[in-house]
Amino acid sequence: MPSPSVVETTRLTLRPPTTGDRDDWVRLHRDPRTYWHAPHAMSQSDDDAADFLDRSLAHWDERGFGFWVAQDRGTGDVVGVCGLKVIEDVFLNLYYRLTHDSLGRGLGREMSRASVAYAVEWLPRLPVRALVKEVNAPSVATALGTGLERAGTRVLHDDLPDEPPSTVFEAPIIEAATSFDATTHEEVLDLWMRTNEAGGAVGFLPGAPRVRVEAALNASEERMAEGSRVAVVQRSAADGALLGLAFLAEAGGRLQAHERWVYTVMTEPSRRGQNLGRILMAGTHRVAREAGVEILTLGVRSGMGTTAFYEACGYRESGRILGGIRVEDGDDRDNITMTRRLDGRTLTPDPRG
1 MPSPSVVETT RLTLRPPTTG DRDDWVRLHR DPRTYWHAPH AMSQSDDDAA DFLDRSLAHW
61 DERGFGFWVA QDRGTGDVVG VCGLKVIEDV FLNLYYRLTH DSLGRGLGRE MSRASVAYAV
121 EWLPRLPVRA LVKEVNAPSV ATALGTGLER AGTRVLHDDL PDEPPSTVFE APIIEAATSF
181 DATTHEEVLD LWMRTNEAGG AVGFLPGAPR VRVEAALNAS EERMAEGSRV AVVQRSAADG
241 ALLGLAFLAE AGGRLQAHER WVYTVMTEPS RRGQNLGRIL MAGTHRVARE AGVEILTLGV
301 RSGMGTTAFY EACGYRESGR ILGGIRVEDG DDRDNITMTR RLDGRTLTPD PRG
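Residues 1 to 353 in our numbering are what the sequence shown spells out, letter by letter.
No lab work stands behind these hints, which were simulated from the structure alone.
Small disclaimer: the values here were computed from a predicted structure and weren't measured.
Built from N, CA and C at the ideal position, the CB exists for glycine as well.
Please note: incorrect hints may appear among the correct ones.
Unchecked claim - Taking CB as the label site, the calculated pair distances span:
1) A257 - R30: 21 to 31 Å
2) M42 - A177: 37 to 47 Å
3) R105 - R30: 19 to 29 Å
4) R105 - T183: 40 to 50 Å
5) P39 - R223: 56 to 66 Å
6) D331 - R154: 43 to 53 Å
7) E214 - R352: 38 to 48 Å
8) G303 - P2: 20 to 30 Å
9) G292 - L160: 46 to 56 Å
10) D158 - D239: 29 to 39 Å
11) F309 - V6: 19 to 29 Å
Start from the sequences, fold in the hints, and give me the full structure.
See the structure below:
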């Protein structure tokens with residue numbers, strides 16, 4: 001299915017720009033208060049800013065994606081611009097800029113996180129990068145909070161002669177794997193153990209012996225060898241470290257060939273709150289969609305705070321066994337099933353009952 005042109009976050013609607021946005025676009029890119037770190041990078045005239053809008057519109061016409069106008073869902077006010085642009089057919093450049101009055105509310109992080117997840121799920125398989133001056137501490141914090149890591153430097157075409165280069169921040173790499181070599185096996189096992197000890201709901205409780213966790217990993221690898229399970233692996237673009245993992249498993253026989261279950265979703269516990277889970281799920285959706293999968297289903301344990309996360313990833317509750325998970329005596333949790341369609345169709349009950 002084609003990528004959606006409009007994205008909604010908790011507080012924002014991200015939509016393609018139009019010629020009717022010219023005044024807001026010019027004001028945003030001509031406000032020296034938001035270019036304090038690099039005044040020379042600001043559009044030097046209203047015409048220059050308008051030309052920037054025209055180039056952005058042309059990118060949408062040519063590529064089918066680009067920079068969005070970010071609007072407050074409650075008021076409809078334009079609060080900024082964000083999105084992605086192809087640079088030299090080599091990488092996707094993440095851009096985010098807020099109006100001065102919208103600073104300090106976490107909106108930059110909200111729209112940049114959505115932009116990166118969108119790129120991983122829908123856009124050409126190119127590295128996702130943000131080019132940021134280290135002096136711009138708020139923008140650096142946004143890049144890091146979006147899940148990007150420092151991965152080098154780059155001199156920009158409009159840099160001043162004595163200006164330090166921009167830091168390249170790059171999103172994690174997502175790959176599908178049908179087997180693990182010995183090194184990856186140990187990396188996955190280590191991540192699984194760290195996730196257990198951090199309280200993650202990945203099949204075990206804190207303190208589970210390594211041998212038990214490895215037995216579960218071995219069972220998953222056997223399913224991978226049989227062709228009924230695929231691993232979605234998330235690695236750092238900076239050093240290749242394993243940052244996350246999920247398994248896609250066949251749901252059953254011929255009648256469920258269009259469905260997969262998502263199991264054992266885990267990300268590096270030391271980097272929680274940095275958008276890695278959202279990026280991993282976006283990559284999982286891409287891998288599944290490219291395999292022709294139409295429906296994804298996963299299980300959630302109540303009381304973990306993960307239901308809202310999966311809802312933000314497009315999942316909806318499709319079943320619940322009250323008290324179906326017994327963590328320990330006196331601590332029964334609901335076993336919640338959540339489902340998402342990948343084909344653009346609305347998830348609705350069969351009226352035939």
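(request) Provide an ascending list of the numbers of those earlier hints which the structure does not satisfy. (result) Numbers 1, 8 - these are the hints that the structure violates, sorted from lowest upward.
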